[in-house]
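Just need the whole structure built from these sequences, with the hints factored in.
One line per chain: the protein sequences are X and C, in this order. The first sequence begins at 0 in numbering that gives the first Met the number 0 and counts up one residue at a time. The second sequence begins at 0 in numbering that gives the first Met the number 0 and counts up one residue at a time.
Take these hints with a grain of salt, some might be off.
Cβ-Cβ distance ranges computed for the label pairs, FRET-style [unchecked claim]:
(1) Arg127/X x Pro246/C: 25 to 31 Å
(2) Gln280/C x Leu107/X: 34 to 40 Å
(3) Ser11/X x Leu33/C: 55 to 61 Å
(4) Glu14/X x Phe15/C: 43 to 49 Å
(5) Gly57/X x Leu255/C: 53 to 59 Å
(6) Val234/C x Leu107/X: 34 to 40 Å
(7) Asn20/X x Phe15/C: 27 to 33 Å
(8) Gln215/C x Leu107/X: 19 to 25 Å
(9) Lys168/X x Phe15/C: 46 to 52 Å
(10) Glu14/X x Trp341/C: 52 to 58 Å
(11) Gln280/C x Lys83/X: 17 to 23 Å
Taking lysine-lysine and the DSSO-like style, the derived pairs with C-alpha atoms no more than 27 Å apart in a straight line are [claimed, not checked]:
(12) Lys89/C x Lys56/X
(13) Lys361/C x Lys56/X
(14) Lys109/C x Lys72/X
(15) Lys342/C x Lys72/X
(16) Lys149/X x Lys212/C
(17) Lys71/X x Lys4/C
(18) Lys363/C x Lys125/X
(19) Lys4/C x Lys149/X
(20) Lys115/X x Lys1/C
(21) Lys115/X x Lys4/C
(22) Lys71/X x Lys198/C
(23) Lys198/C x Lys83/X
(24) Lys126/X x Lys360/C
(25) Lys55/C x Lys72/X
(26) Lys68/X x Lys363/C
(27) Lys83/X x Lys212/C
(28) Lys68/X x Lys212/C
(29) Lys198/C x Lys72/X
(30) Lys360/C x Lys125/X
(31) Lys125/X x Lys4/C
(32) Lys131/X x Lys360/C
(33) Lys149/X x Lys1/C
(34) Lys71/X x Lys212/C
FYI, nobody ran anything at the bench for these hints, they're computed from the structure. All values derive from a computational prediction rather than experimental measurement. Note that beta-carbon positions come from the ideal geometry of N, C-alpha and C, so glycine has one too.
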Amino acid sequence: MISVQVKELTKSFGEVTAIDNISFDVNKGELFGFIGPDGAGKTTLFRILVTLLIQDKGTAFMEGHDVVKDYKKIRNMVGYMPGKFSLYQDLSVEENLNFFATIFGTSLEENYDLIKDIYHQIEPFKKRLAGKLSGGMKQKLALSCAMIHKPEVLILDEPTTGVDAVSRKEFWEMLSKLKENNITIIVSTPYMDEASLCDKVALIQKGKILSIDKPSNIMKSFPKPLLAIKANNMYNLLYDMAEYKNTHTVYPFGEYLHYTPLEKTFDIKDIESYLASKGHINIIIEKIEANIEDCFMELMKKN
Amino acid sequence: MKRFKGFVIKEFYHIFRDLRTVVILFGIPIAQLLLFGYVVTNEIKDAKIAIYDQSKDYLTSKLTQKILSSGFFELEKNLDSYIDIEKSFKKGKIKEIIIFEPNFAKNLEKNGTANIQIIADASEPNTANMLTNYTSAIINTFSRDINPLAQQPLQIITETRMQYNPDLKGVYMFVPGIMAMLLMLISALMTSISITREKELGTMEVLLVSPLKPIQIIIGKVTPYVLLSFINAIVILLIGNFVFGVPIQGSIILLLAESVLFILVALTLGILISCATNSQQIAMMISLVALMLPTILLSGFIFPIENMPLVLQWLCQLMPPKWFITIIKTIMLKGAGFDYVWKETLVLIGMMCFFIIVSVKKFKIRLE
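Spelled out as structure tokens, the structure:
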């Protein structure tokens, strides 16, 4: 069953086209991720979905409601967490939750089960002012507030940006648990490593969707063989590999370089001797599977 | 209803957890009222004068005594020559000089007239004017006292009575004015800031994506300020009454009801400002600059509207404080009932409705 349906959506701000003819469907209960760099149009897209902006062209439906005409209905059933921390900093954790519960006509007790797992972690600090919480705590509180009214669709705009690695992991674990409640979750993130945690991802750049699929399919569809290369002098290695005759792309990636050949195949021996001739030592070359970031880079290069 | 209650409680948290807000709400009104009440005064008290008595007879000394015992004047020094006059004024301390002609008593007895010259330092025109008026009044009374049987058969005697403010006290004028100014400023300023703050912090984004209607958000934001401004109004009235002795002749209930109406007008104006702006800074600037000066200058608070150029007089009609000041003066000082202020009340109600309608129309249900 389709929960969110977007067709040929376009939105410009003056000269800038923030969203360019985007279409996609999200199934009920799916965890759908938008992956893309800053300025890709994720926030604009989400704001249209939560009825805060009106698109120039195209249509969008949330649980069958039109985002323009039926905006009142959508505002009753959507949970929204903006990219910027948008709770009351001078209210305590508990007061924030109670406030958002009341304005949605419910109460903390009524939907406690739904947010129990998340709220449990911040409950020890329930008397603390929201402004005094750490980044990760703030996001957990914001998520609790966005869910307090048992929304049908949850829209989270970069919930893990600016959050430490441990909290990020915890946050995603919470999202996977939420799926059990059959809530559709649309989440955006600039972190490629979070993509594999989604049921489906859309890679988005400059307002256009480059690819939509399951993360595993996206990675499988990587068109080229991939090598990870490492040597003592990484800076020169990157420079020399870029000069190599059979190079399509080479990107630094953690402690390795990710390399794709221009032709269909490559000769590891030849690369090794080439690098050795350039004076590199301790050369390690491994064949690896593509991850989402490799796919994203490849798609970006194509466009 | 529960939603509304939750919203109002939240708003009270915001107000009382921010020291700055509390100070603006309660400290400033009281400080301003006391300042205005004590500092800005146009009454005469112990004005320094000099006397050049060229006659030095029993009448001049009696009259001098009478003038000095009035409480308005204090003798700084006695002059001996005309040259001293200019000198004394230049020193700046002496505001008025009274000169008795030579043979004052003799002339009066013989010719029936005697001359006194009053010279005032008109570099402060208002004070000079008032001093000479006061002095003339004392001299007139004196002249009637010493001469009860009028020598001339025809004489017109003026009896002046300053109705509603017999002592011409300045506070009678300032308390209503300040009340209007403060309620206007506080109410408009605080609401416009509190709404734009939600916009700035991004919480408005979350409020918009909720089932709350614009009118619910607005009323929820405004209600606490209605209550607090009302307390302010009461405090101002109490200080006016007990500290400055401004009477409340008319119905207190009516006075408070009119105050609430005026608070509502100011609050709706604040909402309008916040609907038109997106930052606290701009909202504050508009509230302070665009409301403070007109409230002081164009409301009849200090300067009488009747003396202004016609265009400004029309402009004054658009100022809510002008109507409110008229209302409270009528109720407080004259003790008049609702039948005397219903027109002004209607004008204020009209203004409030206008602001509400425009605000609700202008309130953005989306981000752009």
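Consistency of the hints with the structure:
Checked against the hint of 25 to 31 Å, the pair Arg127/X and Pro246/C fails, with Cβ atoms roughly 52 Å apart. Checked against the hint of 34 to 40 Å, the C-beta distance between Gln280/C and Leu107/X comes to roughly 36 Å, which is consistent with it. About 57 Å separates the C-beta atoms of Ser11/X and Leu33/C, a value consistent with the hinted range of 55 to 61 Å. Range check, Glu14/X to Phe15/C: Cβ separation about 46 Å, and the 43 to 49 Å hint holds.
About 56 Å separates the C-beta atoms of Gly57/X and Leu255/C, a value consistent with the hinted range of 53 to 59 Å. In this structure the hint that Val234/C and Leu107/X lie 34 to 40 Å apart at CB holds, the actual value being about 38 Å. The hinted range of 27 to 33 Å is not satisfied by Asn20/X and Phe15/C, whose Cβ atoms lie roughly 51 Å apart. Here the CB-CB span from Gln215/C to Leu107/X is close to 21 Å, well matched to the stated 19 to 25 Å.
The hint said 46 to 52 Å for the Cβ distance between Lys168/X and Phe15/C, and at roughly 39 Å that hint is violated. Checked against the hint of 52 to 58 Å, the C-beta distance between Glu14/X and Trp341/C comes to roughly 57 Å, which is consistent with it. With their beta carbons about 19 Å apart, Gln280/C and Lys83/X fall inside the hinted range of 17 to 23 Å. With a CA separation close to 80 Å, the supplied pair Lys89/C and Lys56/X exceeds the 27 Å bound.
Taking the CA atoms of Lys361/C and Lys56/X, the gap is about 25 Å. The hint holds against a cut of 27 Å. Using a Cα cut-off of 27 Å, the hinted pair Lys109/C and Lys72/X is violated, with the two alpha carbons roughly 101 Å apart. For the hint linking Lys342/C to Lys72/X, the alpha-carbon distance of about 44 Å lies beyond 27 Å, and the restraint is violated. Note on Lys149/X and Lys212/C: the hinted pairing holds, with a Cα-Cα distance of about 20 Å set against a maximum of 27 Å.
Simply put, Lys71/X and Lys4/C have alpha-carbon atoms about 21 Å apart, close enough for the 27 Å limit, and the pair holds. For the hint linking Lys363/C to Lys125/X, the alpha-carbon distance of about 33 Å lies beyond 27 Å, and the restraint is violated. With a C-alpha separation of about 21 Å, the suggested pair Lys4/C and Lys149/X falls inside the 27 Å cut-off, and the hint holds. At roughly 24 Å between alpha-carbon atoms, Lys115/X and Lys1/C fall within 27 Å of each other, so this suggested pair holds.
Between Lys115/X and Lys4/C the alpha-carbon distance is near 25 Å, which keeps this suggested pair within the 27 Å criterion. Taking the CA atoms of Lys71/X and Lys198/C, the gap is near 20 Å; set against the 27 Å cutoff, the hint holds. For the hint linking Lys198/C to Lys83/X, the alpha-carbon distance of about 12 Å falls within 27 Å, and the restraint holds. With a CA separation close to 39 Å, the supplied pair Lys126/X and Lys360/C exceeds the 27 Å bound.
Between Lys55/C and Lys72/X the alpha-carbon distance is near 95 Å, which puts this suggested pair outside the 27 Å criterion. A threshold of 27 Å between alpha carbons decides the hint, and for Lys68/X with Lys363/C the separation of about 16 Å falls inside it, so the pair holds. Note on Lys83/X and Lys212/C: the hinted pairing holds, with a Cα-Cα distance of about 23 Å set against a maximum of 27 Å. This hinted pair checks out: Lys68/X and Lys212/C have alpha carbons roughly 16 Å apart, not beyond 27 Å.
Taking the CA atoms of Lys198/C and Lys72/X, the gap is about 23 Å. The hint holds against a cut of 27 Å. Under the criterion of a C-alpha separation no larger than 27 Å, the hint pairing Lys360/C with Lys125/X is inconsistent with the structure, at around 39 Å. About 21 Å separates the Cα atoms of Lys125/X and Lys4/C, which keeps this hinted pair within 27 Å; it holds. Straight-line distance between C-alpha atoms of Lys131/X and Lys360/C comes to about 37 Å, which puts the hinted pair past the 27 Å bound.
Between the alpha carbons of Lys149/X and Lys1/C the distance comes to roughly 18 Å, so the proposed pair stays at or under 27 Å and holds. Straight-line distance between C-alpha atoms of Lys71/X and Lys212/C comes to about 9 Å, which keeps the hinted pair within the 27 Å bound.
Checked against the numbered hints given earlier, the structure breaks hints 1, 7, 9, 12, 14, 15, 18, 24, 25, 30 and 32 and satisfies all the rest.
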